[in-house]
Amino acid sequence: MFNEVKKTLQWGEETLTLETGKVARQADGTVIATLGETSVMANVTFAKQQKEGQDFFPLTVHYQEKYYAAGKIPGGFFKREARPTEKETLTARLIDRPIRPLFVPGFKNEVLVMCTVLSHDLVNDPDIVAMIAASAALTISGAPFMGPIAGCRVGFEDGSYVLNPTVDDMHDLRNNPEQRLDLVVAGTKDAVMMVESEAYELTEEEMLGAVMFAHEQIQPVNDLIIELAEECAKEPFNFTPPDYSELFAVVKAAGEDKMKAAYAISDKQERTAAVAAVKDEIKSGLSEEQLADANLGAALKKLESQVLRSDVVVNKRRIDGRALDQVRSIVSETGILPRTHGSALFTRGETQALVVTTLGTGDDEQFIDALHGNFKSNFLLHYNFPPYSVGEVGRVSGPGRREIGHGKLAWRALQAVLPAATDFPYTIRLVSEITESNGSSSMASVCGGSLSMMDAGVPLKAAVAGVAMGLVLEEDGNYGILSDILGDEDHLGDMDFKVAGTENGITSLQMDIKVAGITPEIMKTALGQAKAGRLHILEEMSKAITEAGTFSEHAPRIETMNIPTDKIREVIGSGGKVIREIVETSGAKVDINDDGVIKIASPNGEAIQKAYDMIYSIVAEPEEGQVYKGKVVKIVDFGAFVNFFGKRDGLVHVSQIENRRLNHPSDVLKEGQEVFVKLLGFDDRGKVRLAMKMVDQETGTELAKEDEQAE
10 MFNEVKKTLQ WGEETLTLET GKVARQADGT VIATLGETSV MANVTFAKQQ
60 KEGQDFFPLT VHYQEKYYAA GKIPGGFFKR EARPTEKETL TARLIDRPIR
110 PLFVPGFKNE VLVMCTVLSH DLVNDPDIVA MIAASAALTI SGAPFMGPIA
160 GCRVGFEDGS YVLNPTVDDM HDLRNNPEQR LDLVVAGTKD AVMMVESEAY
210 ELTEEEMLGA VMFAHEQIQP VNDLIIELAE ECAKEPFNFT PPDYSELFAV
260 VKAAGEDKMK AAYAISDKQE RTAAVAAVKD EIKSGLSEEQ LADANLGAAL
310 KKLESQVLRS DVVVNKRRID GRALDQVRSI VSETGILPRT HGSALFTRGE
360 TQALVVTTLG TGDDEQFIDA LHGNFKSNFL LHYNFPPYSV GEVGRVSGPG
410 RREIGHGKLA WRALQAVLPA ATDFPYTIRL VSEITESNGS SSMASVCGGS
460 LSMMDAGVPL KAAVAGVAMG LVLEEDGNYG ILSDILGDED HLGDMDFKVA
510 GTENGITSLQ MDIKVAGITP EIMKTALGQA KAGRLHILEE MSKAITEAGT
560 FSEHAPRIET MNIPTDKIRE VIGSGGKVIR EIVETSGAKV DINDDGVIKI
610 ASPNGEAIQK AYDMIYSIVA EPEEGQVYKG KVVKIVDFGA FVNFFGKRDG
660 LVHVSQIENR RLNHPSDVLK EGQEVFVKLL GFDDRGKVRL AMKMVDQETG
710 TELAKEDEQA E
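This note's numbering numbers the first residue of the sequence shown as 10 and each following residue consecutively.
Check the hints yourself; a few may be wrong.
[As the list claims (entries may be wrong)] Restricting the straight-line Cα-Cα distance to at most 25 Å, the calculated cross-link-like pairs of lysine-lysine (DSS-like) are:
hint	residue 1	residue 2
1	LYS656	LYS643
2	LYS267	LYS198
3	LYS552	LYS640
4	LYS60	LYS31
5	LYS325	LYS385
6	LYS117	LYS267
7	LYS643	LYS598
8	LYS702	LYS656
9	LYS117	LYS310
Hints listed in this document are in silico derivations from the structure and should not be mistaken for laboratory results.
Model the full structure from these sequences, guided by the hints.
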């Protein structure tokens with residue numbers, strides 16, 4: 010009934026298994042990949058015909074984490090997996106980016122890749138397993154896919170690279186100083202296709218070494234996929250790339266010179282309009298048959314690409330006239346919004362980001378329900394890309410995959426320089442509003458985010474800047490590397506290479522490659538050129554702000570205090586009664602962690618101090634010999650009980666009230682009266698002994714012995 014095929018490989022410290030033929034047999038390709046006890050099923054289906062009028066490649070990748078994989082039931086009211094989480098969206102992009110360029114050019118049939126996490130051992134991250142499963146399923150599906158690819162994760166600890174570190178090793182790297190890298194690399198046998206990383210000021214040499222290490226480590230996995238395909242791959246789909254050479258020759262002859270002139274215009278809006286006019290002019294000279302050709306769009310795009318690429322490689326000239334390594338003009342401004350906690354406007358050429366910082370308390374932390382456990386995040390970065398930023402109209406909805414991906418890239422770049430939570434106990438939220446875009450708005454978000462946080466008074470370890478690099482690689486091996494690419498250079502080039510970091514090193518690297526043949530030498534050159542661009546941008550940013558500014562008067566102040574964990578119950582009280590009383594009385598917000606760290610927040614310093622004093626009076630122990638201010642709560646024949654330390658009462662014996670004999674304590678005291686008392690100590694039964702007579706009741710200072718005797 011089943012035609013099962015199974016291949017196994019010892020990969021690092023775990024066993025990798027690929028199996029097919031038993032589950033989901035109606036899909037064009039299905040592979041279940043297992044690493045350790047983490048299993049992911051990838052299913053591939055593709056349309057056998059192209060939709061009429063389709064002028065783009067409709068590839069869709071979905072990645073789903075099922076809670077049953079980790080023996081969990083989803084949280085929330087419906088108890089069912091709902092919309093994709095941030096992790097699911099990012100992993101889907103992680104798989105999409107390296108496989109998309111490997112489909113045969115001209116193939117525009119719809120393709121669906123679905124990856125489902127079936128089991129998670131809480132050790133091996135399923136994102137790498139999903140990437141391998143998707144590649145294997147595509148390779149055996151018969152689709153015109155020029156793979157396979159494989160991927161792995163790399164850590165960097167004690168100067169050594171680590172293959173596929175555990176989930177725990179990669180969690181919350183900011184608080185794990187021994188781990189300095191979380192790098193994911195995907196590639197074929199011959200080339201690196203995709204890089205995504207979070208780093209902690211690694212040098213260019215260390216980062217390049219990590220990429221090369223990863224590419225070497227994935228080769229056995231590529232070989233394993235080929236072994237699987239040799240036994241069970243379906244017949245290749247009968248697809249021949251369309252030949253539109255004759256149509257392209259006509260298009261080129263009609264519009265090459267005019268297209269060159271259009272691309273010589275430096276202003277984006279004017280250039281876009283001119284390019285569109287040239288296309289219309291070319292079309293006006295074509296026959297009806299040529300206009301109806303489905304490859305006309307591809308021919309026009311090829312003309313644009315050739316015009317741009319030849320100028321770069323042959324003439325070393327770019328669209329806007331810059332040198333290949335030149336960064337556009339930069340203007341950095343901070344403090345532009347009066348009521349926000351921090352703000353910055355970063356403008357680089359025709360790309361602009363307005364980034365706003367908001368500081369919050371522990372109540373504002375984001376709660377994340379993940380397969381490997383629940384945790385909180387106190388650093389949030391949200392990226393918005395409205396249609397007006399590129400001069401277009403369009404539907405406005407919630408954040409899409411692109412917005413989530415760009416926001417996460419900026420988040421990775423900036424979190425490496427954040428202060429420790431113990432030093433800066435705030436929740437930080439950044440919002441990057443892209444107000445103009447013509448090339449790398451994610452890197453503008455990094456620069457603006459760094460400036461905005463410093464404006465808000467966040468003590469960053471160093472300023473962070475980012476730059477987007479491009480590449481034009483010709484078939485003869487000649488190439489040009491571009492610093493600070495424009496949108497058209499990204500669209501028509503061969504590589505999108507984003508590098509962010511400080512003066513000391515790289516904090517994030519993202520690379521997407523559209524062609525094979527990117528050599529280590531090209532990557533090394535690109536990293537070196539990116540470093541020069543990054544340092545230049547940092548210098549320009551320093552003209553606006555160089556260190557953390559003063560706190561906004563509208564931002565909450567937070568003080569922290571540590572209490573013994575066995576005192577937490579007393580501070581909270583039965584049913585939260587005590588903590589509610591502290592909050593209501595002081596006016597401050599109070600957040601208590603399980604480890605005994607208490608955060609007290611309020612824009613009002615007096616409210617913070619009042620809450621602090623109330624908590625301190627609960628958890629602290631009174632010290633013998635100290636003077637305290639208290640209130641008489643009860644008068645008896647032999648003395649008075651005084652509430653002097655939080656809820657703690659003590660007895661002032663009648664002989665300790667004054668230096669004279671009293672008939673009754675009520676002769677000088679009444680209930681509710683405030684008095685100063687000195688703690689004499691504790692009797693054999695632990696009861697508190699207090700005295701008033703050796704304390705000046707006006708000032709609260711202790712009397713000298715001779716003064717006491719004189720009285």
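Hints and how they fare:
Of the pairs offered as hints, the one joining LYS656 and LYS643 holds, with about 14 Å between alpha carbons and a cut-off of 25 Å not exceeded. Only pairs whose Cα atoms come within 25 Å are accepted, and LYS267 paired with LYS198 is rejected, the gap being roughly 41 Å. Taking the CA atoms of LYS552 and LYS640, the gap is near 58 Å; set against the 25 Å cutoff, the hint is violated. Our distance criterion of 25 Å between C-alpha atoms is broken by LYS60 and LYS31, whose separation comes to about 31 Å.
This hinted pair does not check out: LYS325 and LYS385 have alpha carbons roughly 49 Å apart, beyond 25 Å. At most 25 Å may separate the alpha-carbon atoms for a hinted pair to count; LYS117 and LYS267 exceed this at roughly 29 Å. At most 25 Å may separate the alpha-carbon atoms for a hinted pair to count; LYS643 and LYS598 exceed this at roughly 33 Å. Between LYS702 and LYS656 the alpha-carbon distance is near 23 Å, which keeps this suggested pair within the 25 Å criterion.
With a C-alpha separation of about 15 Å, the suggested pair LYS117 and LYS310 falls inside the 25 Å cut-off, and the hint holds.
Comparing the model with each earlier hint shows violations of hints 2, 3, 4, 5, 6 and 7; every other hint is respected.
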